[in-house]
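Protein sequence lines, in the order shown, are assigned to chains A and B.
For the first sequence, the positions run 293 to 498 when our numbering is used.
For the second sequence, the positions run 75 to 478 when our numbering is used.
FYI, nobody ran anything at the bench for these hints, they're computed from the structure.
Check each hint, because a few of them may be wrong.
What the hints assert, rightly or not - Pairs of lysine-lysine, BS3-like flavour, derived with a Cα cap of 30 Å:
hint : chain 1 : residue 1 : chain 2 : residue 2
1    : B       : 192       : A       : 372
2    : B       : 335       : B       : 309
3    : B       : 217       : A       : 372
4    : B       : 189       : A       : 329
5    : B       : 440       : A       : 399
6    : B       : 114       : A       : 456
7    : B       : 440       : A       : 420
8    : B       : 114       : A       : 399
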Amino acid sequence: MFTFLHQNITTSTIVGVVFLCFSTNNYAANIEAGKAKAQTCIACHGPNGNSIISEFPSLSGQPAQAISTALYRYREGNRKNPIMSPIAAELTNADMNNLAAYFSAEKRTSTHITSAQNVSLGPELANKYNCTQCHGPQMLGLQHIPRIAGQQHQYLIMQLRGFKAQTRSDMDGNMSSAASALTDADIVILSDYIAGLADRPTAKNE
Amino acid sequence: MKKKIIASLILTLAIPAFAQQKPEEPPPRWLQGRSEADAKSTLHPFNPKLTGADISELQISKLKLPAGFSINVWAEVPNARSLARGSKGTIFVSNLAANDVYAVVEKDGKREVKKILKGLTAPNGIAFLDGTLYVAERTQIKKYENIEDRLDNPPEGVLVVDGLDPTNGPGHFWKYLTVGPDKKLYFNIGSPQNITIPNYVQGAIMRVDPKNGRLERYATGVRNSVGMDFHPVSKKMWFTEHGRDWMGDDKPEDELNVVTKEGENFGYPFCHQGDIPDPQYGKYASCDQFTPPALKLGAHVAPLGLHFYTGTQFPAEYKNSLFIARHGSWNRSTKQGYDVMRVTLDAKGKVTKYEPFLTGFLFDEKGDPPMWGRPVDLLVMPDGAMLVSDDYNGIIYRVSYKKP
């Protein structure tokens, strides 16, 4: 029993000491290790976690806990996806925490341009349907709740339709409940509005 | 047969309610009952880190205990919630957010953590009786016989009772499960919302006889209890109860209750902490109709597991002391709880002392998050040490005593 504990403490102390200086929020996870591991992820999720494919979500600027929670749920089979489930199956908790630390520290950008009409309709709908209650006033996410501001347009539509149809795995029932009140027209407006809520990428990123 | 009749009776009651289920209140569920005055509140619950904490992140050295006591990390189990011990020494650990049950076994001096059940629904409640592990999920209790001989190849669960989430409400669907001196299983069916009039089996502590599935209501007017234990001498059930949210920072206080007769009513949703009528439902009843708490535990402290200390390792004065794990407040602007408290009782069962035992998880009472760990359940080991689960970090700690 002492062997078990001792090894863990020794390993993690070393990791903690070496990489604490990179950490912005006392998160002992290793950003550099996360970046190295992220090479598989960026094939779909884009450079620095800013997706360039509308069906695949951006990971940049997510709360770290939202990323690690999603990965955990894929690995444990609570959320299923033909691409993500096998990838997550290979990750340890430490890998997940490191990936989360890396992507959460990257800046979110979005190339999506919201229609003028939805720029004006969006905020009221986001308030009416309580998006901001959990995702935050700027929809930047909090703890395990993902940032949706500047998320990929098609991805947002797919998730909301999935929650409404109760085919999308739901942690605690809140999203299925929230989406049950949405019409499909609302889903399209909200997704268009929320997808545009991020800075445009700089020339270098593009 | 009886089991089937009762189960189907509950289902019959449940189906129309489920079919009619419309979200009466907008999500998230924890906002239900919030008044206009609190509309701008930024208070929110805290969620566990499912991938666990790196042990180096745990601020073990910040934890405080009375002289002679010490604490160390005993095992890492994702989202560790309830603890139960098998007769052959296996420690079973449930979780809530990750839908699994784990077993911790010691083999050749090494501790091993195994996932034994997966894909369950909020399997927060676990209890062990006569070789069998019972698991309380959102809607049902299942049993796993001879589990300790089959940890690597666990059997399919066999249904004990179902229909335990009759309205599929968004709140308090997780169960605590324990075994009474009568070898029956005791568990909560929480209120489906923060504040509402529950149906007959909700807002209650139920019991089921695992031999025949017979279901009875043991106590009522209980908003949600996630901790129950029986006094080693009086055999009475003591339980923790969470008070409602959104009545301000200091109201109402959470409760420590004791059941003195079957079917006793503890007041929810009409009366809180024994003496505060609910702003909405209080007019339908009077507080003096209900059993008041044995002790007010503090507002929003979220008391979970409670256990009488029956070991011999701690000093003699700890014998039959009641330990209470307080998961910690979210619905309060200045946070409190996040600790393990000790309650002492006199020979008549009257509370004589309520004092901190294990503190130091709370580091910033105005912070977001305010804590680095959250105690959930307690288990007294055969050697007299006490295990404490922490679902936020996925850690089980061991508290032990050595004469200073």
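Checked hints:
1. With a C-alpha separation of about 14 Å, the suggested pair residue 192 of chain B and residue 372 of chain A falls inside the 30 Å cut-off, and the hint holds.
2. A distance of roughly 12 Å separates the Cα atoms of residue 335 of chain B and residue 309 of chain B; the hinted pair therefore holds under the 30 Å criterion.
3. For the hint linking residue 217 of chain B to residue 372 of chain A, the alpha-carbon distance of about 27 Å falls within 30 Å, and the restraint holds.
4. In summary, the hint linking residue 189 of chain B to residue 329 of chain A is supported, as the alpha carbons are separated by about 26 Å, within the 30 Å threshold.
5. Pair hint residue 440 of chain B plus residue 399 of chain A holds up; C-alpha atoms about 28 Å apart against a cutoff of 30 Å.
6. For the suggested pair residue 114 of chain B and residue 456 of chain A, the alpha carbons sit about 27 Å apart, so the restraint of at most 30 Å is met.
7. With a C-alpha separation of about 29 Å, the suggested pairing of residue 440 of chain B with residue 420 of chain A holds against the 30 Å cut-off.
8. Under the criterion of a C-alpha separation no larger than 30 Å, the hint pairing residue 114 of chain B with residue 399 of chain A is consistent with the structure, at around 29 Å.
Hint violations for this structure: none, all hints satisfied.
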